[in-house]
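Participant: Protein chains in written order, with numbering that gives the first Met the number 0: chain A, 0 to 130; chain B, 0 to 296; chain C, 0 to 312.
Everything labelled a hint here was simulated from the structure, so no lab data went into it.
Certain hints may be false.
As the list claims (entries may be wrong) - Taking beta-carbon pairs under 7 Å as the criterion, some of the chain B residues facing chain C (in silico): (1) GLY31; (2) GLY75; (3) ALA82.
Unchecked claim - Result set (SDA-like, lysine to any residue): computed pairs, CA atoms no more than 20 Å apart in a straight line: (4) A/LYS127 - A/ALA111; (5) A/LYS127 - A/GLY28; (6) A/LYS55 - C/GLU86; (7) A/LYS55 - C/THR13; (8) B/LYS226 - C/THR13; (9) B/LYS226 - C/GLN88; (10) B/LYS226 - C/THR61; (11) B/LYS226 - C/GLU183; (12) A/LYS55 - C/GLY31; (13) B/LYS226 - C/ASP180; (14) B/LYS226 - C/SER11; (15) A/LYS55 - C/TYR101; (16) A/LYS55 - C/ALA219; (17) B/LYS226 - C/PRO73; (18) A/LYS55 - C/SER67; (19) A/LYS55 - C/GLY182; (20) A/LYS55 - A/PHE3; (21) A/LYS55 - C/GLU183; (22) B/LYS226 - C/PHE14; (23) B/LYS226 - C/HIS63; (24) A/LYS55 - C/PHE14; (25) A/LYS55 - C/ARG30; (26) A/LYS55 - A/HIS8; (27) B/LYS226 - C/ARG15.
Here a beta-carbon is modelled for each residue, glycine too, at the ideal position from N, C-alpha and C.
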Amino acid sequence: MLLFSINPHSGVPVYRQIMDQVRYHVAAGTLAPGQQLPSIRELAHTLAVNPATIAKAYSELEHDGVIELQRGRGAFIHATPPSMPRDQRRQRLRTLAERMAVEARQTGADDADIRVALDQALISLNRKRPS
Amino acid sequence: MTTFSTLTDADRRVWTALALRQWVAFGSLHIGFLVAWLVALWVLQLVAHPGWLIAFGLLYTVLVTPGMAGADIMDGTEEFSFALPPGRRAIFLTRMGIGLAFLLLTTGLGSLAMAFDVPQALWSLVATSGITEPNRPVTPSFLYALAVLVPAAAFAGTFVVASLAGTRTIVGVSWGIAFVAVGIGVFASLQVESLIWDKPIGWMTCVMLLLGSVLTLLAGFLAYDQKEALIGGGRAGARSGTIAVVAIAIGITVFALAMFVVSVSYQSMTVREVRDQSMTVREVDALRVTPLETVDP
Amino acid sequence: MNDAVIEAIDLSKTFRPAVVAVNGLDLRVPRGAVYGLIGRNGAGKSTTLRLLMGLLRPDRGTAHVLGSDIKDAPRETRQRVTYVSQEQQLPWRMTADELMAYFSQLYDQWDTAFATDLVRRFDLDTTRPLGTLSGGDQRRVAVILALAARPDVVILDEPAAGLDPVSRRQLIEAMIDFLGDGGERTVLFSTHILADLERVADHIGFMDRGRMMLSGPLDALQGGMRRVQVIFSGDRVPSGFEIPGELRRRTDGPVLTAIVRLTDPDQVNRLQAIEELRVTEHSLGLEDLFIELMERDPHSMGDLQSSPWWQHA
Numbered sequence: 000m001l002l003f004s005i006n007p008h009s010g011v012p013v014y015r016q017i018m019d020q021v022r023y024h025v026a027a028g029t030l031a032p033g034q035q036l037p038s039i040r041e042l043a044h045t046l047a048v049n050p051a052t053i054a055k056a057y058s059e060l061e062h063d064g065v066i067e068l069q070r071g072r073g074a075f076i077h078a079t080p081p082s083m084p085r086d087q088r089r090q091r092l093r094t095l096a097e098r099m100a101v102e103a104r105q106t107g108a109d110d111a112d113i114r115v116a117l118d119q120a121l122i123s124l125n126r127k128r129p130s
Numbered sequence: 000m001t002t003f004s005t006l007t008d009a010d011r012r013v014w015t016a017l018a019l020r021q022w023v024a025f026g027s028l029h030i031g032f033l034v035a036w037l038v039a040l041w042v043l044q045l046v047a048h049p050g051w052l053i054a055f056g057l058l059y060t061v062l063v064t065p066g067m068a069g070a071d072i073m074d075g076t077e078e079f080s081f082a083l084p085p086g087r088r089a090i091f092l093t094r095m096g097i098g099l100a101f102l103l104l105t106t107g108l109g110s111l112a113m114a115f116d117v118p119q120a121l122w123s124l125v126a127t128s129g130i131t132e133p134n135r136p137v138t139p140s141f142l143y144a145l146a147v148l149v150p151a152a153a154f155a156g157t158f159v160v161a162s163l164a165g166t167r168t169i170v171g172v173s174w175g176i177a178f179v180a181v182g183i184g185v186f187a188s189l190q191v192e193s194l195i196w197d198k199p200i201g202w203m204t205c206v207m208l209l210l211g212s213v214l215t216l217l218a219g220f221l222a223y224d225q226k227e228a229l230i231g232g233g234r235a236g237a238r239s240g241t242i243a244v245v246a247i248a249i250g251i252t253v254f255a256l257a258m259f260v261v262s263v264s265y266q267s268m269t270v271r272e273v274r275d276q277s278m279t280v281r282e283v284d285a286l287r288v289t290p291l292e293t294v295d296p
Numbered sequence: 000m001n002d003a004v005i006e007a008i009d010l011s012k013t014f015r016p017a018v019v020a021v022n023g024l025d026l027r028v029p030r031g032a033v034y035g036l037i038g039r040n041g042a043g044k045s046t047t048l049r050l051l052m053g054l055l056r057p058d059r060g061t062a063h064v065l066g067s068d069i070k071d072a073p074r075e076t077r078q079r080v081t082y083v084s085q086e087q088q089l090p091w092r093m094t095a096d097e098l099m100a101y102f103s104q105l106y107d108q109w110d111t112a113f114a115t116d117l118v119r120r121f122d123l124d125t126t127r128p129l130g131t132l133s134g135g136d137q138r139r140v141a142v143i144l145a146l147a148a149r150p151d152v153v154i155l156d157e158p159a160a161g162l163d164p165v166s167r168r169q170l171i172e173a174m175i176d177f178l179g180d181g182g183e184r185t186v187l188f189s190t191h192i193l194a195d196l197e198r199v200a201d202h203i204g205f206m207d208r209g210r211m212m213l214s215g216p217l218d219a220l221q222g223g224m225r226r227v228q229v230i231f232s233g234d235r236v237p238s239g240f241e242i243p244g245e246l247r248r249r250t251d252g253p254v255l256t257a258i259v260r261l262t263d264p265d266q267v268n269r270l271q272a273i274e275e276l277r278v279t280e281h282s283l284g285l286e287d288l289f290i291e292l293m294e295r296d297p298h299s300m301g302d303l304q305s306s307p308w309w310q311h312a
């Protein structure tokens, strides 16, 4: 499946890369709710990585509620999108925002530039969503 | 290693595969020797003296045993073979089994056949071959036992040395080393017998050869089990040329000496028989002469 | 609970006259792991694997596979382990077909379909005597034999050495297919090419001069280390400035680059909050990581071992 491309040498664990990419595609709508993901074996073969790594990615994604693993049938995107508890969501957003702010400031951007960049990213993401 | 009583189908399959593999590698050689033995002993009846069986057995030991026992060293495949499920003990036992079985079959049957002149008996069922005369059993009778035991001892020594070798050279001259050991052992034993019983009885030598063979194979088995796998291709070894030449020279010398001893003992026995016979003739002559003298007035 | 499929304790081996190949090595490979044993040439990796397979006798210590000394184990146990060595020779007169037929008799779990598939993928001529094949092809035949026997444990000594990148990828794919059939199979392989490891290995053991320097799950190792770059506003890095958890550093004018061991998720974030600094962090690829580590004094690696980030599984 050409959705995933991983770089084993980047230092980011492969399972993490897969998880991030699944989350991205779900957020962007490329992977629809209820859609089936490739089997662990297939994906391991295609990406040429240890099946245990795929298994770990899928297992973590299931734990986070992003996908569900149906015995004997395979891995499917969860019908309902996962929702984090509000506090956890806020904390996560805050961390991401702080990092973005600091890095953006280091490039010399001002507050207005930063806000514009964020809006554009959101627009682009919403555009990819079919609904 | 599982005991025989617990052999499963899988075990049988593995042992068969092992044996088959050894046979595929060395089968044609064995068949060649078998054919030669059949023809020389049974068809042509060329050999009538058990000494020839010793020669046959020693020749087998020279030509087949080093290659079979030292196959992994020569090919450099010890690292591969030792990692396979059957393991070292099975490899050793299978090869040893093939060699011993072949030797005991050929020299043992041959010895018995000579002792009881079986080839002649079989042929006389069909026709008198006319190539040889009926064979009289050779004395001393311990030669028949030696015909089996000397090749067995030589095989045991060669097999163990070749199996435990660390270089190709040692494999190549393993037979020479074994021949020296067996030669010395037999001569020394016969000397001891002469000292104890005033003449070589032979049976003590036979027992010594039997014990020696068994102990050598046992010790070899245990040592092989502990052997470290030879890594990489079998090396030729240092000063390989000189060692090879010296060992071959010694081996040939011992071999020639063995043949000499056999033929001398054969001759000495024949001479003794003739002497015995001529004494009988003289006695008759004496008998014949005396009456004539007394009759004459 | 001891679920170690391969275990070496205080393993030592000296070759005469005085070559210390393995020196008090401890190694533990849990069930189902793909364990990469890495180190420079001469670190003792091949000797370790041979000791594990019972091909060499240790001077001290133990080397167990599947719970026992594999050399003296019964055939049923031995046929659950296969081994491919770096320098091994296959019987040169046999053809690959004959050797595979032989293996099918020796190994209860032999998978003919898998073997045939691998032969096709590796594009090998199985009717020629093995002695006529190139070194690389012989190596690939050996790998096919080892994998198609469907053992519980596969031990490979530098399987990719001397192979071109395409063949190396084929080898990795073969290993992955071998792993993907659902049985919990364990692989231990040694290599000094790190790039291939990252695809398949989930555990790492780094050997140097016959000892295990550091070992543990790969995620923990990589997750625990970062390359951090701090750019100061002046023209020099202020003396006395230290990044918490830094292991090695390089300074170049106002730029400080350091390998940092993470013990706290906010370690770097706190640095980034400091206004005058421009801080970036990168994860370290395995190759970079070990280059950095190998340049360290091996004796001071003890502190890495005690980090909470590796758990000896």
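Participant: Could you run down the list of hints and mark each one as holding or not?
Facilitator: Against the structure, the hints come out as follows:
1. GLY31: violated (18 Å)
2. GLY75: Hint holds; B/GLY75 Cβ to chain C Cβ min 4 Å, cut 7 Å.
3. ALA82: holds (4 Å)
4. A/LYS127 - A/ALA111: violated (25 Å)
5. A/LYS127 - A/GLY28: At roughly 6 Å apart (the allowed maximum being 20 Å), A/GLY28 and A/LYS127 satisfy the hint.
6. A/LYS55 - C/GLU86: It is violated: about 35 Å lies between the C-alpha atoms, which goes past 20 Å.
7. A/LYS55 - C/THR13: violated (41 Å)
8. B/LYS226 - C/THR13: holds (16 Å)
9. B/LYS226 - C/GLN88: At roughly 18 Å apart (the allowed maximum being 20 Å), C/GLN88 and B/LYS226 satisfy the hint.
10. B/LYS226 - C/THR61: Holds. B/LYS226 to C/THR61 sits at ~17 Å (cutoff 20 Å).
11. B/LYS226 - C/GLU183: violated (33 Å)
12. A/LYS55 - C/GLY31: holds (13 Å)
13. B/LYS226 - C/ASP180: violated (37 Å)
14. B/LYS226 - C/SER11: Judged against 20 Å, a Cα distance of about 18 Å means the pair holds.
15. A/LYS55 - C/TYR101: violated (38 Å)
16. A/LYS55 - C/ALA219: The hint holds at about 14 Å.
17. B/LYS226 - C/PRO73: Cα-Cα ~18 Å, so holds.
18. A/LYS55 - C/SER67: Distance of about 30 Å is beyond 20 Å: violated.
19. A/LYS55 - C/GLY182: Between A/LYS55 and C/GLY182 the Cα gap is close to 16 Å, so the pair holds against 20 Å.
20. A/LYS55 - A/PHE3: holds (16 Å)
21. A/LYS55 - C/GLU183: holds (15 Å)
22. B/LYS226 - C/PHE14: The given pair, whose Cα atoms are some 14 Å apart, holds under the 20 Å limit.
23. B/LYS226 - C/HIS63: holds (18 Å)
24. A/LYS55 - C/PHE14: With Cα atoms ~43 Å apart, A/LYS55 and C/PHE14 exceed 20 Å; violated.
25. A/LYS55 - C/ARG30: Judged against 20 Å, a Cα distance of about 16 Å means the pair holds.
26. A/LYS55 - A/HIS8: Status holds; Cα separation ~18 Å.
27. B/LYS226 - C/ARG15: Judged against 20 Å, a Cα distance of about 15 Å means the pair holds.
Hints 1, 4, 6, 7, 11, 13, 15, 18 and 24 from the earlier list are contradicted by this structure; the remaining hints agree with it.
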